[in-house]
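Colleague: Residue numbering for the sequence shown follows this note's numbering, beginning at -1 and increasing consecutively.
To be clear, the hints were calculated from the coordinates, so they are not data collected in a lab. Think of the CB as a built atom: it goes at the ideal place given N, C-alpha and C, for glycine as much as any other residue. Just so you know, not all the hints are guaranteed correct.
What the hints assert, rightly or not - Label pairs and their calculated CB-CB ranges:
hint	residue 1	residue 2	range
1	HIS57	GLY27	15 to 21 Å
2	ALA39	ASN72	17 to 23 Å
3	GLN40	ASP17	24 to 30 Å
4	HIS57	PHE86	20 to 26 Å
5	LYS79	GLY30	14 to 20 Å
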Amino acid sequence: MARPRNRLPKSDPDSGIEDVPLLILEWLGEQGISALIRFDAQRPRTPWTFTAAGGALLHPIRNDAASADKCLNNGLALMRKQGINVPF
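Full structure from sequences and hints, please.
Modeller: Encoded structure:
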């Protein structure tokens, strides 16, 4: 039987995907902060971007990095400088 088109596969809880970045994004949303982590293949040196704005942030932040880990960690450090302490 053919697989239905335009349907996402069911998530696999044992897939090994880290939950922490998703928890961080969810927590930020609960604080009224819009946030995004993105990969752009057109920028091979720094393809990862983290942005956040709104809520209690005084100024929007943006961080570009070579890895997702560095990008998110640097973005959270920029948020701490504005008084946002993410509890993860």
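Colleague: Does each hint hold? Answer for all of them.
Modeller: A quick look at each hint next to the structure:
1. Range check, HIS57 to GLY27: about 19 Å between beta-carbon atoms, so the 15 to 21 Å window is met.
2. Evaluation of the 17 to 23 Å hint for ALA39 and ASN72 yields a pass: the beta carbon distance comes to about 20 Å.
3. Between GLN40 and ASP17, the C-beta spacing of about 29 Å keeps the proposed range 24 to 30 Å intact.
4. Distance hint check for HIS57 and PHE86: the Cβ-Cβ separation is about 22 Å, which falls inside the suggested range of 20 to 26 Å.
5. In this structure the supplied range 14 to 20 Å holds for LYS79 paired with GLY30, their Cβ-Cβ distance being about 19 Å.
In terms of the numbered hints stated before, the structure departs from none.
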